[in-house]
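Enquirer: If you want the building blocks of each chain, they are given just below.
Protein chains: 2
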Amino acid sequence: MALFSKEEFLSRIKRTKESMDRAGVEVLIAADPANMNYLTGYDGWSFYVPQVVVLALEDEEPVWIGRGMDTAGARHTTFLDRERIIGYPDNYVQNPDRHPMNFVADFLKGRGWERKRVGLELDAYYFTARCHQELVKSLPQAAFVDANLLVNWIRLVKSDQEIEYMKQAGRIVEKVMRTAIETIRPGVRECDAVAEVYRAQVRGLPEFGGDYPAIVPMMPTGEKTSAPHLTWTDEPYRQDQAANLELCACRHRYHSPLARTIYLGPKPPPRLQELAGITVEGLNAALEAVRPGEICESVELAWRRVIARAGFEKESRIGYAMGLNYPPDWGEHTASLRAGDKTVLQENMTFHMIVGMWMEDYGFEASESFYVTGDGCRTLADFPRKLFVKD
Amino acid sequence: MALFSKEEFLSRIKRTKESMDRAGVEVLIAADPANMNYLTGYDGWSFYVPQVVVLALEDEEPVWIGRGMDTAGARHTTFLDRERIIGYPDNYVQNPDRHPMNFVADFLKGRGWERKRVGLELDAYYFTARCHQELVKSLPQAAFVDANLLVNWIRLVKSDQEIEYMKQAGRIVEKVMRTAIETIRPGVRECDAVAEVYRAQVRGLPEFGGDYPAIVPMMPTGEKTSAPHLTWTDEPYRQDQAANLELCACRHRYHSPLARTIYLGPKPPPRLQELAGITVEGLNAALEAVRPGEICESVELAWRRVIARAGFEKESRIGYAMGLNYPPDWGEHTASLRAGDKTVLQENMTFHMIVGMWMEDYGFEASESFYVTGDGCRTLADFPRKLFVKD
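If you read the sequences in order, they're chains A and B. Quick note on this note's numbering: the first sequence kicks off at 1 and runs consecutively. Quick note on this note's numbering: the second sequence kicks off at 392 and runs consecutively.
Accuracy of the hints is not assured; some may be wrong.
[What the hints assert, rightly or not] Label-pair ranges, simulated between beta-carbon atoms: (1) E347/A with P627/B: 34 to 40 angstroms; (2) Q532/B with G374/A: 53 to 59 angstroms; (3) E182/A with S396/B: 35 to 41 angstroms; (4) R15/A with V527/B: 32 to 38 angstroms; (5) R378/A with S550/B: 51 to 57 angstroms; (6) G731/B with D160/A: 48 to 54 angstroms; (7) D160/A with R662/B: 45 to 51 angstroms.
Read the hints as simulated data drawn from the structure, not as lab findings. The beta-carbon is built from N, C-alpha and C at its ideal position, and this holds for glycine as well.
Isolated chain A (complex conformation):
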């Protein structure tokens, strides 16, 4: 039933407390849904109301605080004892006169923590300016510390069980990508192709089902390939155009993104084929550069050297840490594969490496999700790295 052992949660909590101690945080209030899941197991689509996990250095285990109706879900998904699952009354919800963070502050007072150094995730998606204001107002004696990304950095190195779920997502995403390539053809509406992708994501495999990825499928074509975050329309795909397929699969909130490019026509332009060749060669070189002890920027350098030989350059990063997450992003916002990032790679770190080259009127992109092994890296999916051609 449980997705992770209690020992694994206790190990996560121990490492979080060590990091809190170093950062001078006595009580951490984690509002990032992925961090809440990481520390307790909590999984539910309830992050549209304020909810937090509170972890104090002096306390054994964390406390989950959320909306009363979601305590049943917390009992179902977390490893916590019942007394560590606390619901606020429903009249705190979307009420101009009171805010759930007043309730959280009262909880801290009840524990005698109102003078502590309190860590907050100041740039977490669902920790709004008002959440912050209400805590500051309700806890005038506390000292607040920015603990943004504190838990995210601990999430960077995965356990074997986490890697296992990511491998399962990798197996699902192979099927998702095959589905996209088989479905897209001139005349098919974008929405109909995306629908088959969604279906494949959620069905998963006969052995295990799929979860919802943190980002919707992105399958732009034509001029929209240069507008990277537009979603689909009900227009048909057209002949002699390339389409980017930025897809993903998810298993128990663990992601495995995968990107490829498909050309809709029998004869891709030679320059597109050449660009695809160089880009894949650079991707291969960067993957080969990954090993424990190496630093993130060296991986990017391996890519850069290959494309420079062909006269290309690319300014943006070529990858980022990724794993457990919720909408709107599967990225962990910690290490990046880019110039200047000195993060030392360790076994069981997981990244999404995505390279795209965009010319005036054509382009190619491809990606791999991988984990760092004892002597290199292994991709989560096994899928040909090339320009796919649909004739």
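On the provided structure of chain A, position chain B as indicated by the hints.
Expert: Leaving out everything else, chain B in the frame of chain A:
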């Protein structure tokens, strides 16, 4: 091509400015993706990085500010002229040393607005505590005003074109619900049933495709019906259990949710059938109570009277304003159908009315999305209101 006329955007902007004026706001910084869309048309899955629409009383039209790579999407989806679409450099993204809100502050300074009364959406999902801090730090001479929900309240009354998109979503959701009812049966894995729902949502109809709803499909069964926000598993549905179907369809970001209950077996318990009968009767009575000039709490009272006759009561609200939105919620966070809400109903307001009755070990729920007409209301979907029985 454009989803709404320029005149419609100008009318929205005019009403927003009137509301700003009443609230003492000279410059509004809107960060809620739905409000950004409402004021400009912007639609993209880019809200995982900070982005805003800035509207000043003294300026004709708003300005869109977002990540550089998303300006192409803004040119594609908004009605704005190019000079009103401003991208910040990519080194503002997830960089501890600088924040996109510093860029937004510089923009305000460039316009000479740094001493204005600046309205912020302090409780909007993607307006983090750090976003607020950086604006306050970078604009020391500004006076900040909480303008949370200011645009949301204007969104409450829809235009005819908005209603048209919601009706289209209503037609899609009929198909989505039929798909769910046809697919769920004992032995089918939850993920496989949800996959068919997703497919139906996104395919839409031959005449128009579907968009991604702001909330994932919720189809809990058994004990999980009492944990309302858990998503699906890969366990099979079982015989002689009820399942809640909380589904939705979306068209151009406009939603039409619909909920029903299905019993998986030929013989639903008589007490469940009785409960379904009373609940539907209450739902019908509440829908009949809707008319322009009536207040929200009266609609709830009509429901409450019906169920009181059967000896039931229900504390929580039975509906909320709903329409244009993005994850994680399709609700507008303004008017609610509940005791104490004195909002006066007007033609073209849109709500999701959802009633659920939960006993110790069984329950029933149903919902309708509707718009207020000249003399009552009309539901967006046409779907039988009853307990569905799968034999």
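Enquirer: It remains to establish, for every hint, whether it holds in the given structure.
Expert: Hints, verified against the model:
1. In this structure, E347/A and P627/B meet the distance hint of 34 to 40 angstroms, their C-beta atoms being roughly 37 angstroms apart.
2. A hinted range of 53 to 59 angstroms holds for the C-beta pair Q532/B and G374/A, which are about 57 angstroms apart.
3. A C-beta distance of roughly 40 angstroms is found between E182/A and S396/B, which places it inside the suggested range of 35 to 41 angstroms.
4. In this structure, R15/A and V527/B meet the distance hint of 32 to 38 angstroms, their C-beta atoms being roughly 33 angstroms apart.
5. The supplied range of 51 to 57 angstroms is met by R378/A and S550/B, whose beta-carbon atoms lie about 53 angstroms from each other.
6. At about 53 angstroms, the beta-carbon gap between G731/B and D160/A stays in the expected band of 48 to 54 angstroms.
7. A hinted range of 45 to 51 angstroms for the beta carbons of D160/A and R662/B is consistent with their spacing of about 48 angstroms.
In this structure, none of the earlier numbered hints is contradicted; all agree with it.
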